[in-house]
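A.B. asks: Each chain, letter by letter, is given below.
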Amino acid sequence: MDFRTELILPEIYQTIVVLLLFICSIIDNKRNLAVTRWIPWLAFIGIPLTLVSIDCEGDLFLNAYRIDLLSQFFKFSVAVGFFAAVLNATRQPTLEHGRQSDYFMFLALSALGLMFLASAVELITIYLAMEMASYSLYSLIPLRAQERQAAEAGIKYILFGAAVTAIALYGLSYIVASQHTTYIKDLALCEWSWAKSPMAVIGLTLFLAGFFYKLALFPFHFWAPDVYQGSSNETATYVSTLPKLGAVAILIRLTSMLKPGAEIVSILAVLAAISMTYGNLAALAQRDVKRILGYSTVAHAGYVLVGLVALTREGFAAAGFYVLTYVLMNLTCFWVVCRVAADGRNLDLEDLNGLHSRAPGLALVLAVGAFALVGLPPTGGFMGKLFLLTAAWDHGYNWLIILAAVNTAISMYYYLSMVIHAYTKDQTEAALPIQNEPKFSLVWGGALAVSVLALGVIPAPVFNMAMKAAGTIMP
Amino acid sequence: MLDSGFQVLTAIIFLPIVACVCLFFIERPSTVRVFTLIVSIIELILMKPLLNFQFNTTEFQFVERVAWMPRWGLEYYLGVDGISILMVWLTVAVLPLCVLCSWTYIEKRVKEFHFCLLFMTSACLGVFCALDFTLFYVFWEAMLVPMYLLIAVWGGPNRSYASIKFILYTLAGSTVLLVALIAFRIVGGTFSIPELMTKSFSFRFQFWTFLAMTLAFAIKVPMFPFHTWLPAAHVEAPTAGSVVLASILLKMGTYGFLRFCLPLTPVASEYFAPMMIAISIASIIYGGAVALGQDDMKKIIAYSSVGHMGFVTLGIFLFNQRGVEGALFQMLNHGITTGALFMMVGTIYERSHSRQVLDNLGIAKYMPAYIGFFGLFAFSSFGFPATNSFVGELLVLVGAFQANLWIGAAIIPGVLLAATYMLRLAQKLSWGEPSSFKQGWKDLNFREWVYLFIPAVFVLYIGLAPGLFFKTMDTSIAGLISDFKAKTSAYAIETQKAKSSLAVAGIEDPLDELKN
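From first to last, the protein sequence lines stand for chains A and B. Position one of the first sequence corresponds to residue 0 (numbering that gives the first Met the number 0), numbered consecutively onward. Position one of the second sequence corresponds to residue 0 (numbering that gives the first Met the number 0), numbered consecutively onward.
Rather than coming from a laboratory, the hints here were simulated on the basis of the structure. Positions of the beta carbon are idealized from the N, C-alpha and C atoms, including for glycine. It is possible that some hints are incorrect.
[Said to hold, decoys possible] Derived contacts from chain A toward chain B, CB cut-off under 7 Å, selection only:
id, residue
1, L375
2, W392
3, A408
4, T423
Please construct the entire structure, taking both the sequences and the accompanying hints into account.
C.D. replies: See below:
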């Protein structure tokens, strides 16, 4: 094993950030540490650091930890998402001042867990990394001042999470018992058909459930709308975006072991179909913006799986591209939600009324985010969907692609309803004033919207990177 | 292929988008109007190189081809031929008229309105110029949102219903188009439309892709069972919205038939032609009959659009030179005449604040110039000789009779209905008992003269001297038809062979597979 520090530079840096925040959190609360002032800068520095080791390759820690382009692609995505989420969370009205350093510590710790997840190539390491990413979230979700819903959401997330973790662990035991190894490299050589090793198929299906939970895929989606609604807007922003990156990274690694025609692939396809249809239909009935976005997460989890069931390099690259795009689109929408809810309340659709006159810039950003989530050109959402569907065509799941296309039309209605309220309804008296300084919210909201548009107009650089990344596991 | 050096298509597509960005920095509504008008005139000037269009080739001209995403085969690939260039001209010509007819009509959120208008123009031009299937789709979808906003923000009282119906209908159609696009990419190996045209696909593949594309295009046209979004959208949309909708958007559907269905899925087109012809005839008769029963002027014109577009689709699916020529003429004429009629309704609405026929009776007395124009456009609408629509309808009729006597006979009632409802409307407007006090009304002002005079010139010009237009479209259409005939007859010979060999082997017709 050759250990080179630069291989895990992003992780080391993130650990330092966590430790720094830990120190802050044990210092006397009364001192003003102005965490919110400097933490975005620290998060920002993390982005170029992930690019340092982007071309590196190597196995570390008894080959349980692999640095390759795939892992670095996802670490880069995590770093970008972490920066945006931190920036978003600095103006959190429902976060008590004394808890700021704790909050950001858990946030950074969760991002660190996701970075580990991107590199983990051994089942127990994967399990530990996943737990690390989740446990920090368990403590983050109830951190919303005097809000009973938040406590409820926190308990829900923990209970469901613990149950699913137990299932995953149980599945892990089946895999070990039947395949006698926990390394993905060796597992890839094993048989994964029901006829040859039924126990392993059950085991892997159960193990995948852990990531379906993170991804909010049907039937592990219950928590998403409730948790988004209960937790503060800023926490929901994080929960709805970054963990998806880790989950998709692992799903790509795990499904790449399968051969076309394996039963698990069919299970994935069926779950994807149910997830996107159910998510979109359920979202139609929602009035709370965060619940809408919650169900949209369920639908998008289904879309991402379309790329995975193809089991081709293009499919994995498309899934990687799409999940990064999804994170940015969702951050864009949540950015507007957080800025409009200046007092940290949950937004109803009616609260968006007249946004075009109150905050024309934010309204435009919201429109870009919402239409990107629908998948309209010229946004990244369209390109991502085009890549996903093209990659998956002619691999035995054409019905899934048609269903995904039909779902796009269904989803139009509820994403559009956000734009309708922002653009065509007039302001009601109870409307919230925009309190945040417009420059801050405009510049960064604009940056997010531009990045979403840029992924649609010039997708080549990012997609080529995703292609190369997918090439490391599926030449 | 002709290379002029100056990338004229890119210039005309992106000028409006650049202008959109500039709009952000303009504050005063009146400046916004003047600015957009100037941009639309610059756009017309930029079109000048397109006058060098070569009439005697079926090749695409003014081609621009740049790799967009090589790994996925996406290209930025533009070009025009005799079919699309007329639509490009129409789109660019309609923009200044839209700005002029909204000059006083639009009072709130002027900047956003012109933003949508410019963005729409870009997207529509892109649709007609794109030679890459994905690029086509990008523009095709990009025009949904601004059109939606035009209806939803500046529309009438029932605008929210109409706008949602519009966007859901059209989006539902185009999602299936996306699937067809992907299927063509995987099976045909390229997104490039000219290259796809040279390939031939299996019947089974053509069958499904034809249905998918037809759903998208038929909703856009709109053809008979899918037309319900159109009257709602037209009635609620502001004048300029109706004009863009009628003049350009509806053409995108029929353009899609010409550009995709006929060249890419010829065998399936022939297979489904009886169905398409039946639906077209249904559209013509139904549109005319329903238009006869309307009280709202905009509804009358909207339903008349359904009928007129029925002529277009009918002409396309006759697969003969006259029919397709007639279809293309009718596309152009409908753009001019119906656009003008919607502007006329807008003009009167600004005075009476009602679009009901009964509220606007007998205005000839007060507004002779207005009625003069109205009469011209109304006559043009039902295809009176010497007006533009006469040329188009006559060609379609000739094509229909060439194809089959009964098809020709079936659309005659439609022609009669068109005359009936248009004359009924014109008669009431001009000689009805004046229904309200109109003392303060003024006849057309200079601005209104301008935006009504321009289409009027074209109504008469195309009606009296259509030679230039024939010259433009003929070669391309002849190419399209001969290519179509070659492909279908090749397929017929193939199946004949296959059948005879199958008959020997005692296996059933491969078509039976589809009938299950």
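A.B. asks: Work down the list of hints and note, for each, if the structure agrees.
C.D. replies: Status of each hint after checking the structure:
no.	hint	result
1	L375	holds, 5 Å
2	W392	holds, 5 Å
3	A408	holds, 4 Å
4	T423	holds, 5 Å
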